[in-house]
Amino acid sequence: MATILGNLKQLFKELRDRNVADQPGNPSEMSALFRFRYTLFKELLAANSELLSVLSDMDEKLKGETVFGLSYITNQVNKSLRSAFQMVKNLNVMSSGKHRDLYAALEQINDRIKAIIEERKAEHAPRAVMSYEHILLKDADWAGGKNANLGEISNRLHIPVPEGFAITTKGFHDFFEYNDLKEAIIKQKNLLYVNEFDLLNNLSAETLALVRSKPLPPELAEDILAACAGLWGDDQSVLVAMRSSAVGEDGDISYAGQYLTLLGVTRSAICEAYKSIISSLFSARSIAYRSSKGVYDEDLAMAVACLKMVDSRVSGVLYTRHPYDITNEHILINAVWGLGPYAVDGVVTPDAYTVTKDAGLTLQEKIVATKPVQLALHAGGGVGEQPVAEDMQNIPCLNDDQIRLLAGYGAALERHYKCPQDVEWALAPDGQLLILQSRPLKIQNPAHSGLPKAVPLKGYPLIVDNGEIASQGVGTGVAVHVRSMEDLADFPEGGVLIARHSSPEYVMVMRRCSAIVVEAGSVSGHMAALAREFNVPTLICAHLLDRIPPGMEVTVDAYSGRVYAGTVIELLAAVRKEEAHMKGTPVHDQLQRIAKHVTPLNLVNPDAPEFTPLGCATLHDLARYCHEYSYKEMFQISDLASKFHGWSLKLDAALPMDIHLIDLGSGLKESAMTKWHAVKIDEIVSAPFQFLLQGMLSKEVHGLEPRPVNFSGLLSVIREQTLTPGHIGDRFGDRSYAIIADKYLNFSSRVGYHYSVIDAYCGNTISKNYITFTFKGGAADDIRKNRRVRAIARILDQEGFRVGVKGDKVDARLQKYPKSYIESRMDILGRLLIFTRQLDMLMTTEHSVEWVADNFVAGNYKLTAPPAEA
Amino acid sequence: MDKKQREFKVLLVDDEDIFREATARQLSVRGFIVLTAESGEAAVESIKTDPPEVVVLDQQMPGMHGSDTFIAIKAIDPLIEVIMLTGNTSVDNAIEMMQMGTFDYLMKPINIDELLYKIEDAYTRKKLNEKQQREAKQ
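Protein sequence lines, in the order shown, are assigned to chains D and Y. FYI, the numbering for the first sequence is 4 to 873, going by my numbering. FYI, the numbering for the second sequence is 1199 to 1336, going by my numbering.
If you are wondering where the hints come from, they were derived from the structure by calculation, not from laboratory data. Wrong hints could be hidden among the right ones.
[Unchecked claim] Straight-line distance between alpha carbons at most 25 angstroms, and here's what the computed BS3-like set of lysine-lysine pairs gives: (1) K101(D) x K1246(Y); (2) K1316(Y) x K771(D); (3) K101(D) x K1316(Y); (4) K45(D) x K1324(Y); (5) K66(D) x K117(D).
Every value quoted in this text rests on a predicted model; they were computed, and no experiment measured them.
Bound-form chain Y, shown alone:
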């Protein structure tokens, strides 16, 4: 198992306690700093006070849906990368979300290592985008 310490924050948003806690545990063991939120609304509040680099976001949630949460997150900080997770088999929403700019769209059940790599890749892209923006401003 990859135990290297990663110095960036991942926010995990899922209404299912078991899934959220199991995933948080797995990611912590692998060296990520993990924040969690049990709803879209809670995620938005959390991002305002303690912004993460990458968000792992469940699509099907009661209240604020994954798609709406995604839009709200990007309105706060467009550079935060979002990985969507879904238990749905249809690709309708997947196509729309990719076109809107989610970093990736994974369909459950997923492999924890695959998720780990995706989070790292999302972090890489965020750093590149930030650098690009800094250079553009100078």
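Extracted from the complex, chain D is given alone in its bound form:
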């Protein structure tokens, strides 16, 4: 076998070395090859987004404020490994195996992570049924977050919670093992195609029936009944609410209401209800949702919370401090009559009470709303809306003592969990206030919180009001504009980094800077992940550079999304170091150890010598490397176009060049594909190409007559052409090629004697959008070439690109901007392509570099004579 394997490897190596996939012969092969590469590229970008969102979620969990268990870790690790694998695989297939060492790097990281996970999998199993008096936060792994929290609140803080017990993941596994179900279910799940709904529905129905038909193991049933008896004795009138308590899956999934919740369950029906709830994991909706979220059945486990029903007289929500106004430390309480949902979903305006966190818990404000209706339990089970008695509608739901008692609970919860809390509470018929749930207060987007926007602080000019928050915190310092890598070298201690665009390279100064504010980027991008890792307050906000000049003293409030001029002492004073209760737990330690192989980014500079496959020490590094080189691979797709003489569609446009089109899919209207005619402009669907053409065809540049030629300039061009015949011309022949899809363009063109390549993606997902542009070659002598290149670089820099110049080649790049901005830059590039025709003729003096560039940026395209040398 070893010999066969050896021979095979040798064969593949030979095939690869010959680069067979890059040498297609006929048009249909060529077209298939383009499509093949483009599909790989799109998959790679999607995997990159997926991986980055896992990284940012892990960073969030590492803060230790949210409850999570071992299943969370294995699931996130699996997700990130699969995304990294997809990226490594696709880059290698795209490039015919040029980056094969990435497999070795991935293998090493995978081995290290696996070793850490295996250590803890062997840990002891808990009991299948646990009453709340025996549950603490550390039991989250098997009891689920909701159960563990209630146990912690009851046993450590002695604050009342509803009576009840948890059926842990051990119960879940016991049931599946007893009935030999796990293997069967995983196998069935693998039979699915995600988009075949009939198959999905059938298999789901079969699995549900299978699970429900199986008996609980006798010990589990006995444990459940014993727990009921222990809590409620012989009282058979007790009704129980049963719902899942998230363990493995993202908390989001259970919040999204994917799993069954049963209210009003009688004691005799609890065992059957339990089976119904765990089988809801296999509803068609849940299966589809899990696979769309990348949750794997190997990690499947569910804990169930069984709580005595509370027919609340009053209920509501409590925030232990204002969610995004960090100067406001008061406790905010909302209250409505009846059951809780009406307190948050806007059906009635709730009462609003504000309590100061002083020793006496002073009731600072009490706004009583009119509450005409309430949600109540029906006698026969279920809930429904009922009118509120008229004399009750305008009186407060809670009296002052109750408000203070509740506020005291809130303050205790915040102290205990060491971070602000978002609490659900209820007033039971016997007058007891109960805590139903407490979780970290997280409202990322003030606009969507449902709360009124905090009033800006008085006395400080507000410069930015609606920044997107990439990393929370407050920072103050002197604004430092960063336009290039060189600016980072002498970045001052404590400065506030202001830049046009996010870049992971800013990591070099993250220990020195007190905040970052950029005009464009993504809150789930590489830089944002690093900012959270380094705890640097970071905002993203458009049109910023002009408003914050270099040297200006500013305060960045990355809670409210604001930037103020000056040092805002109130904000700085309000910042507290928040310690997190999960820190120090075994599961947090484990995540921390694993995260070392996942989240840090070491490869920040693509030009650095360590930017190699074997320099990748983490999954983030692998993603960065693959992302970088995937652009290069796509960019080079135009090299293939030059070998493609046989077949393409021609564009019918009044342009000084022939443009041939290769559609990778959805780049053209169907009418263009069915007829063998030249493609009309309005048949183009590809967004980046549409806007490039708009620029190329714009009246201002398109109407240009050939420039009056300066005689010495013309001579230079002619001489250079004679000396190096056809050197550049060979590259593309006389054609320009546009390889398009609906959101993609690779455009290689020959205009005059220059060539340029544009590669762009332009869709609704900001993190995927980019433009790369290269301009090179052309007639004229070295001095003129150099001047021209500098003029183009100057234009691109002013138009928002990151620009590098090497010899007579300009490389420009721009990424993670909104669609509209990418479109506007494509228009500019279109104008530039036309404008650069015979640009050399104008490059007679040093002065012309600035003169040409500044005129272009100002929209003056009709230049006649360069200025005289100063």
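For this one, chain D is given, so just place chain Y on it according to the hints.
Chain Y only, in chain D's frame:
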């Protein structure tokens, strides 16, 4: 749905009857000529008598495993392209198989259209490789 007729054979190897039959049906509807085998051993026999252009191969099968089947297929004809499917979440085997030269490695559940495109891409690569070999011999 894409109904164009494709004139090449795809061999589908999976021990799960439901999956194999459902996939075969889907691919036939989309114009592929589909052969099926319920085990690695059966796949090897089938390839000897009626060679396909592309094989879609399940990793977890009783008897001859997907990896062994892959090696056996390549020993018969190294130019047949193989797309592996797995229900496993671990990437260990995926890395190894990609290094050995599988065309792609897809993790279940998959999208039928995605599989269709992968099969077409695999066919494209096979044709390119065959042409290259012919030219090398001349």
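Hint check:
no.: 1; hint: K101(D) x K1246(Y); result: violated (33 angstroms)
no.: 2; hint: K1316(Y) x K771(D); result: holds (23 angstroms)
no.: 3; hint: K101(D) x K1316(Y); result: holds (21 angstroms)
no.: 4; hint: K45(D) x K1324(Y); result: holds (22 angstroms)
no.: 5; hint: K66(D) x K117(D); result: holds (23 angstroms)
Violated hint: 1 only; the structure is consistent with all others.
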